[in-house]
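Residue numbers (the working numbering), protein chains in the order written: chain A, 1 to 123; chain B, 1 to 388; chain C, 1 to 463.
No lab work stands behind these hints, which were simulated from the structure alone. Please note: incorrect hints may appear among the correct ones.
[Claimed, not checked] One side of the interface only, derived from the structure: several residues of chain A facing chain B at Cβ under 7 Å:
no.	residue
1	Gly82
2	Arg84
3	Leu106
4	Trp107
5	Val109
6	Thr110
7	Pro111
8	Glu112
9	Val113
10	Phe122
[Unchecked claim] Covered stretches of chain C (in silico footprint by chain A; criterion: 3 or more residues with CB under 8 Å from a CB of chain A, positions within the stretch not fixed):
no.	segment
11	50-58
12	118-131
13	150-157
14	165-177
15	222-236
16	380-386
17	445-458
[Stated by the list, open to error] The list that follows gives simulated cross-link-like pairs (lysine to any residue, SDA-like), each with its CA atoms no further than 20 Å apart:
no.	chain 1	residue 1	chain 2	residue 2
18	B	Lys285	C	Glu461
19	B	Lys105	B	Gly59
20	B	Lys285	C	Asp272
21	B	Lys285	C	Thr299
22	C	Lys177	A	Arg51
23	B	Lys285	C	Leu456
24	C	Lys64	C	Arg200
25	B	Lys285	C	Glu104
26	C	Lys177	C	Ala254
27	C	Lys177	C	Phe253
28	B	Lys285	C	Ser458
29	C	Lys177	C	Ala242
30	B	Lys285	C	Thr91
31	C	Lys173	A	Leu17
32	C	Lys220	C	Ala239
33	B	Lys285	C	Pro92
34	B	Lys285	C	Phe110
35	C	Lys211	C	Pro162
36	B	Lys285	C	Leu108
37	B	Lys285	C	Arg275
38	C	Lys220	C	Ala254
39	C	Lys211	C	Ala193
From a predicted model like this one, the values you see are computed outputs, not experimental measurements. Think of the CB as a built atom: it goes at the ideal place given N, C-alpha and C, for glycine as much as any other residue.
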Amino acid sequence: MSKPLPSAGSGGRFVRLAETGRPALQLLIDGQPATALEGDTLLVALLTHGRRVRSSEFGDGTRAGFCLMGACQDCWVWDEAGHRLRACSTVVSEGMTVRTTPPASLWPVTPEVAARERGEVFR
Amino acid sequence: MSDTTQQRSDVLIVGGGLMGTTTALFLRRHHGLSVTLLERELIGRQASGTNFGNVRRQGRDLAQIPLANRARAVWSRVNELLGEDLEFVPYGHLRVCYTEAQTAKLEQHVRDVQPLGLELQMFSAEALRRRWGIFSDEVVAGSLSPLDGHANPRLAGPAFGRAAQRAGAHIHEHSEVAHIERVGAEFVAHTVDGRQYRAPQLLVTTGAWSARFAQDFGEPVPLDARGPQMGVTEPLPYAIGPSIGVSTPIETEGLYFRQIARGNIVFGGGLKGPAFADAMRAYVKPDNTLRQLRELRRFVPAFANVQLIRVWSGIEGYTDDWVPVMGPSARVPGLHYAFGFNGEGFAISPGVGEVMAELIATGRTSTPIDAFSIGRFAPAEQDQPITT
Amino acid sequence: MTPPRVVVVGAGPAGVRAAQALVEAGVRPIVIDEGRRDGGQIYRRQPDGFTRTHAMLYGSEAAKAQALHEGFDTLREHVDYRPETLAWNVTPGQLHTVHASSGETATLDFDALIVCAGATDRLMPVPGWNQAGCYSLGAAQIALKAQACAIGSRVVFMGSGPLLYLVAAQYVKAGAKVEAVLDTAPALPTFAALRGLLNRPRLLLRGLALKAMLRLTGVKLLNAITPLRIEGTPEGGVAEVAIHDARGAERAFACDAVGLGWHLRAETQLADLARCEFAFEPLSRQWLPRIDADGRSSTPGVYLAGDGARLLGADGAEAAGRLAALAALHDLNHARGRTLFAAERMSLQRTLATMNGFREGLAQAFPWPHAHAAALPNDAVVCRCEAVTAGELRRSVLEFGSQEVNRAKAFSRVGMGRCQGRYCGHAAAEIVAAAASIPVEQIGRLRSQAPVKPLLMSTQEHE
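Kindly generate the complete structure, drawing on both the sequences and the hints.
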């Protein structure tokens, strides 16, 4: 171990305790540059950069993974193209782009429903 | 003091799916007859609970449109009728197609149903893109039935059952009927655990299991059990109102899907899977699932980035001629049937219930159902009804 | 004589030892592993480029972990190893797999299928457990073992079972801050529990040593607690754990992460899809697939071993994996397999019996607090996937008449989320049973449906 340990106060949720001598790599999280270490899972990259992985669809707030073993399915995120990535079982690669909210292109609202939600009839 | 091993009512219904429970409800509400319903397991558990949930008139055989119209009127007020939310949404039923030949068929159907009170709208590929924008370039046209929609089949049967019960129907679950006999002017149903139920009128609504009862009364019906191949996705942002399907003569292409308010997409279609009525089991074949994913991606490319969470099947009854069996027995007075709806009974079930209740209570119905008569299966020379 | 087609699902202790037995007998099995690397969960391997030794990672189990890893490394060229591959479905004689990244599927014909699917943590919902910062105990351990991270800067561990103390101790040794270890089990095991635990005295002593070490380092250890709430905010996640202590007084522990777990829950989806019969096991209050003493399920050709069948731990899994593989070869009339099976069967079964005795002690010493489920307030989230509450689940019983857990699922949606009932299923059964006043063993079990885990809809058919 050759580098000092970053503290959790850097904005992340997870705390690195060891193995910080690995090469760094760069990725984009919600369009923001972030640094991870080679061998990190995407979940660790997300949670050393910030405190959430995604938000629940059902209004009960942010989520940050749960089982870390690919069983709970609570850590699915997206890349910019809308591909689904299970953060705990995906290894970070250089230049990866990750989104913690679904891109609009993933499942776009149809114009008809958008009109209805505005209180209008689609014309 | 009543003899509890011999319960009597005006009408005995065997089979607690939607056909049985809707009839029970309307017999009580509209006609005041006493009703006992015997369900082998749990109300609405079989085809009624495992189907896709389409509430559509478009695309049906023309003979069913009057019945479907009648059902649609009930769907409009179903939450109020039952005091429960069946998640019915009237945002339309859209069917799209891949070929000009099929477009012509859709257009013909628009013309065919118009005199029957159903107004459909054709859409070009461009018009589909403007209003929905989800279809691939393979989709060339579509037809919308704007007032059709979809509802939640897991909830519907049990909700009708509870409403029937509150209205005074005697609903008995875990009451498998071993056999039914005619004694004098009454039908007597014997459950496997020795209970007996009697009534002068009997309705058989046992879905895929109905053939043996029809056979017992001398009216054999060729009935096949098949399993719908269903799936549901993870929740997605709510985006799509109508239930949507592909209209095609090629069985493997015939996919359909709908989005529920919570965001999940329910889908089905393509080849059916194996269903074993005797063993009460039905299966989804893995190759059917993978083919369905391919066909879904084919007509709505956005499916490629969606996750499938679960598949399921059920046990549906199919007749040889794709026409339901509904109406009075051709041989036995007081006996009635409503089964064999070929995987599309959900939408018309409230209409079936109203019509069967009317028929049983008054001897006639204002909705044409002659095309569904069980008599069509009788050999030509058989013309003697069973007398007591 | 064509060689038997044997497929092993899982590359943890059970799967590795099963594969090893098969190779020793001269068979080349296919080994399906959902993970990127062999090792399973408890002996999860760290990625390449990590430098910690086996001793640092696995502590007292370092030698076993090393033996398992080296065993598989030697085995690799003798098996058809398919990592990152999920077995998503099984039909008679065929396993259906999908590769995680490519989405390519395969259908594998088998003469024998040995399912070593392992287990997940077993969770009892706690109000607030759906917030960011709540993890399973296993997750907390994986974060440390496989990624050298702690799940937070002030961690509370809550639940019961030996893993509770093991993970906490591992965290302390690695330099993480552990606020408290909160055990729902009483401090002193019953005599019956002790008797069971004494089947493996070394393990029992190790457990006691862990507790002592934690106390010495200033970690608060409480027993016989009742979880009340995990406090926090929707945006920020977990901030505090509130409990009733053994005397009934309310206590709170500030934290930014909680590790929760009550021992283990067998992964039985493949066994269910293979139409194996299940039986309710009163000791652990969970439904498990029926197996005979050698690991045969009720479905001919399907064998079950490891924590996915009986929660005997890693050592038990190794023995069970080997025994099931040899039983499979015996049943296929494989000459070398029969010889090995005849020679080793009794001693493997004896090992398993010892493990089982210990398991019984564990279940009694660290009981699954099933009554907590019935006591959950109505607004407690039971299904984390879709935020379905205990109240909605009770409505399915009280208003809609559910007397069976699949019926309750149909009405309430509990079990319909992405985790497919893994984390809510046991508690849901207890809630439904309590609301219906029916014993939990009569309330049924959530039936598994394919896919075993969610399948991306870009998954391709194969030729």
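Going down the list of hints, with the structure as the test:
no.	hint	result
1	Gly82	holds (5 Å)
2	Arg84	holds (6 Å)
3	Leu106	holds (6 Å)
4	Trp107	holds (4 Å)
5	Val109	holds (5 Å)
6	Thr110	holds (5 Å)
7	Pro111	holds (6 Å)
8	Glu112	holds (5 Å)
9	Val113	holds (5 Å)
10	Phe122	holds (6 Å)
11	50-58	holds (count 3)
12	118-131	holds (count 4)
13	150-157	holds (count 4)
14	165-177	holds (count 3)
15	222-236	holds (count 4)
16	380-386	holds (count 4)
17	445-458	holds (count 3)
18	B/Lys285 to C/Glu461	holds (13 Å)
19	B/Lys105 to B/Gly59	holds (10 Å)
20	B/Lys285 to C/Asp272	holds (15 Å)
21	B/Lys285 to C/Thr299	holds (18 Å)
22	C/Lys177 to A/Arg51	holds (18 Å)
23	B/Lys285 to C/Leu456	holds (17 Å)
24	C/Lys64 to C/Arg200	holds (16 Å)
25	B/Lys285 to C/Glu104	holds (17 Å)
26	C/Lys177 to C/Ala254	holds (12 Å)
27	C/Lys177 to C/Phe253	holds (13 Å)
28	B/Lys285 to C/Ser458	holds (18 Å)
29	C/Lys177 to C/Ala242	holds (18 Å)
30	B/Lys285 to C/Thr91	holds (8 Å)
31	C/Lys173 to A/Leu17	holds (10 Å)
32	C/Lys220 to C/Ala239	holds (17 Å)
33	B/Lys285 to C/Pro92	holds (11 Å)
34	B/Lys285 to C/Phe110	holds (17 Å)
35	C/Lys211 to C/Pro162	holds (10 Å)
36	B/Lys285 to C/Leu108	holds (15 Å)
37	B/Lys285 to C/Arg275	holds (14 Å)
38	C/Lys220 to C/Ala254	holds (12 Å)
39	C/Lys211 to C/Ala193	holds (17 Å)
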